[in-house]
Every structure is written in C-alpha cells, then in structure tokens.
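Chains as they are written, first to last, in UniProt numbering: chain L, 1 to 145; chain E, 1 to 145.
Treat the hints with caution; some may be incorrect.
[To be verified] Okay, derived cross-link-like pairs now, DSSO-like style, lysine-lysine, Cα gap no bigger than 30 Å in a straight line: (1) LYS60(E) to LYS121(L); (2) LYS144(L) to LYS99(E); (3) LYS99(E) to LYS5(L); (4) LYS121(E) to LYS5(L); (5) LYS99(E) to LYS121(L); (6) LYS99(L) to LYS99(E); (7) LYS77(L) to LYS5(E); (8) LYS121(E) to LYS77(L); (9) LYS45(E) to LYS121(E).
[Claimed, not checked] Now the stretches of chain L that chain E is said to cover, found in silico as 3 or more residues with beta-carbon under 8 Å: (10) 11-22; (11) 91-101; (12) 115-121.
Think of the hints as simulated: they come from the structure by calculation, not from any bench.
C-beta atoms are modelled at their ideal positions from N, C-alpha and C, and glycine is treated no differently.
Protein chains: 2
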Amino acid sequence: MMFSKACEYGIRAAVYVALQSLDGRRVSVNEIAEEIDSPIAFTAKILQQLSRSKVIHSVKGPTGGFELDRTEMDTVKLSMIVHAIDGDDIYVGCGLGLKECNANQPCPLHDKFVDIRTDLKNMLENTSLYELATGLEVGLTYLKR
Amino acid sequence: MMFSKACEYGIRAAVYVALQSLDGRRVSVNEIAEEIDSPIAFTAKILQQLSRSKVIHSVKGPTGGFELDRTEMDTVKLSMIVHAIDGDDIYVGCGLGLKECNANQPCPLHDKFVDIRTDLKNMLENTSLYELATGLEVGLTYLKR
DNA sequence: CCAATAAAGGACATTTTTGTCCTATTTATT
DNA sequence: AATAAATAGGACAAAAATGTCCTTTATTGG
Numbered sequence: 001m002m003f004s005k006a007c008e009y010g011i012r013a014a015v016y017v018a019l020q021s022l023d024g025r026r027v028s029v030n031e032i033a034e035e036i037d038s039p040i041a042f043t044a045k046i047l048q049q050l051s052r053s054k055v056i057h058s059v060k061g062p063t064g065g066f067e068l069d070r071t072e073m074d075t076v077k078l079s080m081i082v083h084a085i086d087g088d089d090i091y092v093g094c095g096l097g098l099k100e101c102n103a104n105q106p107c108p109l110h111d112k113f114v115d116i117r118t119d120l121k122n123m124l125e126n127t128s129l130y131e132l133a134t135g136l137e138v139g140l141t142y143l144k145r
Numbered sequence: 001m002m003f004s005k006a007c008e009y010g011i012r013a014a015v016y017v018a019l020q021s022l023d024g025r026r027v028s029v030n031e032i033a034e035e036i037d038s039p040i041a042f043t044a045k046i047l048q049q050l051s052r053s054k055v056i057h058s059v060k061g062p063t064g065g066f067e068l069d070r071t072e073m074d075t076v077k078l079s080m081i082v083h084a085i086d087g088d089d090i091y092v093g094c095g096l097g098l099k100e101c102n103a104n105q106p107c108p109l110h111d112k113f114v115d116i117r118t119d120l121k122n123m124l125e126n127t128s129l130y131e132l133a134t135g136l137e138v139g140l141t142y143l144k145r
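Construct the complete structure from the given sequences, taking the supplied hints into account.
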C-alpha cells in the first residue's frame with residue numbers, strides 16, 4: 001500500500017527479532033519466517049539487508065541467528081528499516097512521479113502531499129522497534145494474519 | 001511513492017484533459033502523452049480505463065479525443081481516478097501487509113497508520129479535477145519534469 | 001579435527017508492472 | 001462511398017519485484 005512487500009516483511013521481521021531479544025532469545029530465519037508468515041528464502045535476503053545496514057545483528061553458526069541489544073531497540077527507528085530496503089522514495093519522490101517537483105516548480109498535488117508526507121516521515125522517525133515490540137509483548141498487536 | 005506509475009500517469013492525464021476542456025478543447029492521446037511526458041501507448045491504455053470508469057469522456061473518429069464537461073470536473077475527485085486504476089489498496093490494505101488487520105486485531109503500526117491514511121483519503125476525496133486544472137491554468141503548477 | 005548448524009550469497013524462476021505494436025472499430029469530411 | 005483520423009482492444013515484450021534453490025562461509029560443540 002505504501003511500502004514494498006520486502007519492506008513489509010522487513011519491518012515485521014525486525015519487530016519480531018526485537019520482541020524475542022527482549023527475552024534474550026536469538027532467532028533463526030526459519031523461526032522468523034514462521035512467526036511473521038513470510039516466504040523463508042525471501043525473508044532471509046531481507047534479513048541480510050537489514051544486517052548489512054546495521055539495523056539488526058546477525059551471528060553465524062550453531063546457536064547463531066538474529067538479535068538486537070536493548071539500546072539498539074531504542075535507537076533503531078522505522079525510518080532506518082524503510083530506508084535500508086526501499087531507499088528514500090518516500091522522502092524524496094513526487095506523488096505524481098515528476099523528476100523536478102519542488103516548492104518552486106510544484107506538481108498540482110505537491111502542497112497537498114507535503115503535509116501527508118511530513119506526518120508519515122515523523123511517524124517513521126519517531127517510532128522505535130522497542131515501542132513496537134512491547135505492544136506485541138503485551139498482546140495488543142499481531143504480526144500474522 | 002504511493003501510487004502506481006499507471007496511476008501517476010492517469011492523474012496527470014486527467015488533469016491535462018480537464019485543463020484543455022476549460023477552453024473547450026478536446027485532446028488526443030498523442031497530445032496528452034506529449035504534454036505530460038508519458039509513454040504514448042501505455043497512456044492510451046490508461047485513458048481507456050478512465051473512460052470506461054466514466055472519469056473522462058472519449059470521442060472516436062476525426063476531431064475526436066478526450067474531454068470533460070465543466071460539471072464533471074467538479075464531481076470527479078482524485079479518489080475516483082485512484083480507485084479506477086489502483087483499486088482500493090490505499091483504503092483497505094494494512095501497512096504491514098496483514099490480511100486481517102483491524103482495530104480488534106491490529107498490526108503494530110495500525111493506529112499510527114489510521115491517521116495518515118485518513119488524511120490521504122480526505123485529500124483524495126476532496127480534491128477535484130477542476131481545482132487541480134485551475135492551478136495549472138494560472139501557471140502555479142506543472143505536469144512535466 | 002569433525003560434524004552439524006546457521007547466515008551469506010549467487011544463480012535462477014515466477015509474477016506483476018510497465019511498456020509496445022498492430023489491427024479493428026467508429027466517425028467526420030469530402 | 002471512400003478516405004483518413006481518432007479511440008478500443010488484443011497480443012506480445014521488457015523490466016522490476018517477488019520468490020526459490022543450492023553452494024559457500026563461519027562457528028559451535030563434541
């Protein structure tokens with residue numbers, strides 16, 4: 001609707017990793033894909049991206065998996081995940097696809113989009129994985145279905 | 001960023017048709033594609049969709065083309081174009097791609113998305129082609145580049 | 001050291017979106 | 001009636017996004 005499928009899986013995966021990390025549990029790709037109801041191999045690719053972008057931490061070998069430490073959960077905001085996967089489309093792009101749309105040379109929707117985008121941007125930049133994981137932990141929110 | 005490419009072209013095309021219709025000019029696919037800087041044949045398909053959805057009016061044969069009458073420009077809102085081309089994804093879909101995300105069983109971002117989507121929805125439902133075309137006419141906004 | 005386990009990564013397959021080309025249909029003009 | 005101009009529509013092509021499979025690399029525990 002707004003993010004790519006890859007980004008949707010990425011956010012859900014990161015939130016699940018955060019949730020389990022609250023209990024000190026490291027989680028595997030298989031478990032993540034199972035718990036967020038996503039295709040395993042594709043999810044593995046996305047987790048690689050997130051790991052390369054330092055959004056989550058990965059450990060190879062037996063007992064390995066993905067994790068986040070408590071401080072990272074606070075510092076990692078949704079905007080970092082979206083940026084790592086979808087790039088800066090949401091921030092930069094014109095709603096009507098113009099290359100050089102800006103306040104000087106705006107598309108007909110420019111001003112109307114500015115407000116909506118600002119709200120979205122603020123939301124993404126102010127929402128941490130910790131915040132999302134705790135909602136899940138308490139059973140208020142869900143990651144599947 | 002938010003709409004498909006097809007929808008971006010569709011909105012730009014419809015606004016251009018409205019603009020020219022203000023002067024009583026009927027416009028061809030070729031002229032539209034030229035003026036909004038879009039691929040001709042693809043634009044033709046999109047105009048077909050808009051015509052079938054009664055968003056714009058088409059006339060075949062010599063002197064034919066696309067047009068809108070003054071009353072239609074007021075009644076046609078952006079939401080109708082978006083709906084005709086992209087369906088109701090923007091209205092219905094969960095931000096994280098869950099099938100059954102709602103107030104009872106929300107995804108972690110549900111509440112945060114509700115506000116943003118409501119604003120987007122209101123904007124689309126309250127913006128008419130007439131409003132957008134007049135901005136263009138006065139030279140305040142642009143449809144290319 | 002060896003075996004097993006888990007992520008990393010490359011190559012490939014499928015699906016969707018975007019885009020093109022050609023023919024058919026409609027209609028105004030002569 | 002013939003011609004030409006315009007949209008309608010079907011079939012195809014290319015590109016991007018999504019998704020799978022298999023091999024390599026790192027690491028743990030026996």
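>> Can you tell me if the segment 91-101 of chain L counts as covered by chain E, using C-beta to C-beta distances under 8 Å and a minimum of three residues?
In response: It holds, with 9 qualifying residues against the three required.
> Between LYS121(E) and LYS77(L), does the CA-CA distance stay at or below 30 Å?
Replying inline: holds (26 Å)
> If you draw a straight line from the CA of LYS121(E) to the CA of LYS5(L), is it 30 Å or shorter?
Replying inline: holds (22 Å)
> Straight-line Cα separation of LYS77(L) and LYS5(E) no greater than 30 Å?
Replying inline: With a Cα-Cα distance of about 28 Å, the restraint between LYS77(L) and LYS5(E) holds, given a limit of 30 Å.
> Mind checking, does the segment 115-121 of chain L have 3 or more residues with a CB under 8 Å from chain E?
Replying inline: That given contact holds, which follows from 4 residues of the segment 115-121 of chain L lying within Cβ reach (below 8 Å) of chain E.
>> Hinted pair, alpha-carbon criterion (30 Å max): LYS99(L), LYS99(E). Please report holds or violated.
In response: With Cα atoms ~34 Å apart, LYS99(L) and LYS99(E) exceed 30 Å; violated.
> Is the hinted pair LYS99(E) and LYS121(L) satisfied, with a Cα-Cα distance of at most 30 Å?
Replying inline: holds (24 Å)
> In terms of beta carbon proximity below 8 Å, does the segment 11-22 of chain L have 3 or more residues touching chain E?
Replying inline: It holds: at least three residues are needed, and the segment 11-22 of chain L offers 3 whose Cβ sits within less than 8 Å of chain E.
> Are the Cα atoms of LYS45(E) and LYS121(E) separated by 30 Å or less?
Replying inline: holds (26 Å)
> Holds or violated: are the alpha carbons of LYS144(L) and LYS99(E) at most 30 Å from each other?
Replying inline: holds (8 Å)
> Regarding the pair LYS99(E) and LYS5(L), is the alpha-carbon distance no greater than 30 Å?
Replying inline: Given that 30 Å is the threshold and the Cα spacing comes to 13 Å, the pair holds.
> Is LYS60(E) within 30 Å of LYS121(L), Cα to Cα?
Replying inline: Since the Cα atoms of LYS60(E) and LYS121(L) sit roughly 45 Å apart, the hinted pair is violated (cutoff 30 Å).
Violated hints, in rising order: 1, 6; the structure is consistent with all others.
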